[in-house]
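Asker: For the protein sequence lines, the chains are A and B, in the order given.
Per this note's numbering, the very first residue in the first sequence carries number 1; after that it's consecutive.
Per this note's numbering, the very first residue in the second sequence carries number 1; after that it's consecutive.
A hint or two may mislead.
[Unchecked claim] Calculated cross-link-like contacts (lysine-lysine; reagent style BS3-like; alpha-carbon spacing at most 30 angstroms):
hint	chain 1	residue 1	chain 2	residue 2
1	B	K191	A	K19
2	A	K19	B	K149
3	B	K149	A	K31
4	A	K82	B	K184
5	A	K104	B	K278
6	A	K33	B	K136
7	A	K31	B	K431
8	B	K370	A	K104
9	A	K33	B	K117
10	A	K31	B	K70
11	B	K184	B	K32
12	A	K31	B	K136
13	B	K191	A	K33
14	B	K142	A	K33
15	B	K249	A	K162
16	B	K136	B	K117
17	B	K142	A	K19
18	B	K136	A	K86
19	B	K136	A	K19
Derived by calculation from the structure, the hints in this document are not laboratory data.
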Amino acid sequence: MLKVEEQTPVVFSSDLLAKFDDVISRYPEGKHKSALLPLLHLVQAEFLWVPTSAMDQVAEYLNIQPIEVYEVATFYTMYFLKPQGKYALEVCRTGPCCLVGAEKILDHLENKLGVKEGEVTSDGLFSFRGVECLAACGFGPVLQISPEYTFYENLTIESVDKLIEDLKNK
Amino acid sequence: MSRKLLLEHINVPDINTLEVYRQKGGYRAVEKALKTLTPEEIVEEVKKSGLRGRGGAGFPTGMKWSFLAKPEGVARYLVCNADESEPGTFKDRYLMTYIPHALIEGMIVSSFALGAKVSYIYVRGEMMPQIRILEKAIAEAKAAGWLGKNILGTGYDLELYVQPGGGAYICGEETALLESLEGKRGNPRIKPPFPAIAGLYGCPTVVNNVESIAAVVPIINDGGDEYSKIGIGRSTGTKLISASGNLVKPGVYEIELGLPVEEFIYSDEYCGGIANGKKLKATVAGGSSVPVLPANLTLKLANGEPRLMSYESLSEGGFATGTMMGSGGFIAFDEDQCIVRNTWNFSRFYHHESCGQCSPCREGTGWMEKVLHKIEHGHGSMDDVDLLWDIQRKIEGNTICPLGDAAAWPVASAIRHFRDEFEWHIKEPVKSQQQNYGLANYANPIEKAPVTEEK
Numbered sequence: 001m002l003k004v005e006e007q008t009p010v011v012f013s014s015d016l017l018a019k020f021d022d023v024i025s026r027y028p029e030g031k032h033k034s035a036l037l038p039l040l041h042l043v044q045a046e047f048l049w050v051p052t053s054a055m056d057q058v059a060e061y062l063n064i065q066p067i068e069v070y071e072v073a074t075f076y077t078m079y080f081l082k083p084q085g086k087y088a089l090e091v092c093r094t095g096p097c098c099l100v101g102a103e104k105i106l107d108h109l110e111n112k113l114g115v116k117e118g119e120v121t122s123d124g125l126f127s128f129r130g131v132e133c134l135a136a137c138g139f140g141p142v143l144q145i146s147p148e149y150t151f152y153e154n155l156t157i158e159s160v161d162k163l164i165e166d167l168k169n170k
Numbered sequence: 001m002s003r004k005l006l007l008e009h010i011n012v013p014d015i016n017t018l019e020v021y022r023q024k025g026g027y028r029a030v031e032k033a034l035k036t037l038t039p040e041e042i043v044e045e046v047k048k049s050g051l052r053g054r055g056g057a058g059f060p061t062g063m064k065w066s067f068l069a070k071p072e073g074v075a076r077y078l079v080c081n082a083d084e085s086e087p088g089t090f091k092d093r094y095l096m097t098y099i100p101h102a103l104i105e106g107m108i109v110s111s112f113a114l115g116a117k118v119s120y121i122y123v124r125g126e127m128m129p130q131i132r133i134l135e136k137a138i139a140e141a142k143a144a145g146w147l148g149k150n151i152l153g154t155g156y157d158l159e160l161y162v163q164p165g166g167g168a169y170i171c172g173e174e175t176a177l178l179e180s181l182e183g184k185r186g187n188p189r190i191k192p193p194f195p196a197i198a199g200l201y202g203c204p205t206v207v208n209n210v211e212s213i214a215a216v217v218p219i220i221n222d223g224g225d226e227y228s229k230i231g232i233g234r235s236t237g238t239k240l241i242s243a244s245g246n247l248v249k250p251g252v253y254e255i256e257l258g259l260p261v262e263e264f265i266y267s268d269e270y271c272g273g274i275a276n277g278k279k280l281k282a283t284v285a286g287g288s289s290v291p292v293l294p295a296n297l298t299l300k301l302a303n304g305e306p307r308l309m310s311y312e313s314l315s316e317g318g319f320a321t322g323t324m325m326g327s328g329g330f331i332a333f334d335e336d337q338c339i340v341r342n343t344w345n346f347s348r349f350y351h352h353e354s355c356g357q358c359s360p361c362r363e364g365t366g367w368m369e370k371v372l373h374k375i376e377h378g379h380g381s382m383d384d385v386d387l388l389w390d391i392q393r394k395i396e397g398n399t400i401c402p403l404g405d406a407a408a409w410p411v412a413s414a415i416r417h418f419r420d421e422f423e424w425h426i427k428e429p430v431k432s433q434q435q436n437y438g439l440a441n442y443a444n445p446i447e448k449a450p451v452t453e454e455k
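Just need the whole structure built from these sequences, with the hints factored in.
Answerer: Quick look at the structure:
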């Protein structure tokens, strides 16, 4: 898996920059700052988190101040500001999912993976955290896995175990 | 079976493709609107339909449209609010997943009515799969000439883009959404000016929920008058209800407004009753922000008449004995659920999601979360219940946006209707950690209207 240290600035590929340009073309002349959130998603999909060096380069690309990127990256919960596992599992922990057992799933993940919320397993494969409502309350408990945000519904302890095994063998 | 306007073809294989959607009558509304109606006539049809905003506020959509300023030479925007984040609500995800073209068709008709040349669908970032579905559907529609330059040879141009959010409940508030779409933190704006005057990029803008925009399609196809015949009173048309919690069949249901709540919960056509043979203890009828009601007040009004799924009936009795339609996120709690624990959970949610601009919300939500945590975990004192009441009173109405109210109402209503359960946690700190308070008298027939002490 790709590992990026904070000290080593990341390099944006020409493919990534082409995707940037495609996004920027969606907004009226001079309103390219609107591309900020989508660009940060593209960065995260590429590097699995959003390093500071990437934020600085995004700022430069959009011709805005770095602080304008930092304030957005820290405000929104989806942007990872430190490296995650290759598979970052996010389990909904809000009311309706808790009515059908979300808390048990979170406890089980902690035991199964042997790490606390926000930590990465020693093989670099997994990290997990509880997140707020994912808008799938009728199919709870649910979890999603970034960067693709594939979605898993009606979770049970058994289905979570199987999911982890499948990801390990992928 | 009740009439379905939005989900009629939900089970048709490949209805997510343009080809099948078109075979089932899709894009007729675009043809009719662009070729035979003027923008003013479309606005008039939507007004006649009585359609009310499906995102939560319930404001008449046609009226919202008629407020849009139209200065010469200034761009106007339509932005679809697909930031669905209200706990208990998942209807927009469902609609976008299975019938993406219904939203796109609604966007084209609505954009034409408002004179927008560029429109955005702001989808919450977590819904990346739905973003991919919408982008694919937009590309299909564009290739077939439903979007782009000179649509159907009418001279009308429209570009439609999907914008991902970054994970913030507050961006469901329309001015926070616009800030976010401009690439900024989702801090709600002070109003006025309203978006209809100064919205996206300072231009006149309408922000509508996914379901509201999709509902424009049947309104144009059948006419506003036809639409207004469905439903009851000022609650016209059909509504998508997201049903979750301890139900036999949770899911998304399209109902005709006016359906009795009891029928919605217990009939096999809808939720099929409470799961595992348990009894209903309480409901949150319109998403986490609306007041929680005990089972008895859910099914019946204070005067003993059946409560209906309509804007008016759900709010009948005010906050003393009623609740709200909200976004239609219907959460059912069985007899084993703990109201204190759920209230704490919701408070944590609002604390997490407060943008931090206004002190009453930023500080108050965290304070409520801490006090509720204390009570739930057996460390509460009797004063804490009064303290909670005091905090929520000081948040409500004292913030720029409605998130403060949304955080206050669940706490207020939980204390109003379930005070016994809170006090039991305090009097029985050990027992309350081992068992739940149970059903108590929350499903008993209502003898008389409860006395209200508030305000």
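Asker: Against each hint, give a clear statement of whether it holds in the structure.
Answerer: Each hint, compared with the structure:
no.	hint	verdict
1	B/K191 / A/K19	violated (36 angstroms)
2	A/K19 / B/K149	holds (23 angstroms)
3	B/K149 / A/K31	holds (22 angstroms)
4	A/K82 / B/K184	holds (21 angstroms)
5	A/K104 / B/K278	holds (21 angstroms)
6	A/K33 / B/K136	holds (24 angstroms)
7	A/K31 / B/K431	violated (59 angstroms)
8	B/K370 / A/K104	holds (22 angstroms)
9	A/K33 / B/K117	holds (20 angstroms)
10	A/K31 / B/K70	holds (21 angstroms)
11	B/K184 / B/K32	violated (38 angstroms)
12	A/K31 / B/K136	holds (25 angstroms)
13	B/K191 / A/K33	holds (23 angstroms)
14	B/K142 / A/K33	holds (26 angstroms)
15	B/K249 / A/K162	holds (25 angstroms)
16	B/K136 / B/K117	holds (20 angstroms)
17	B/K142 / A/K19	holds (20 angstroms)
18	B/K136 / A/K86	holds (27 angstroms)
19	B/K136 / A/K19	holds (16 angstroms)
Hint compliance for this structure: hints 1, 7, 11 are not met, and every other hint is.
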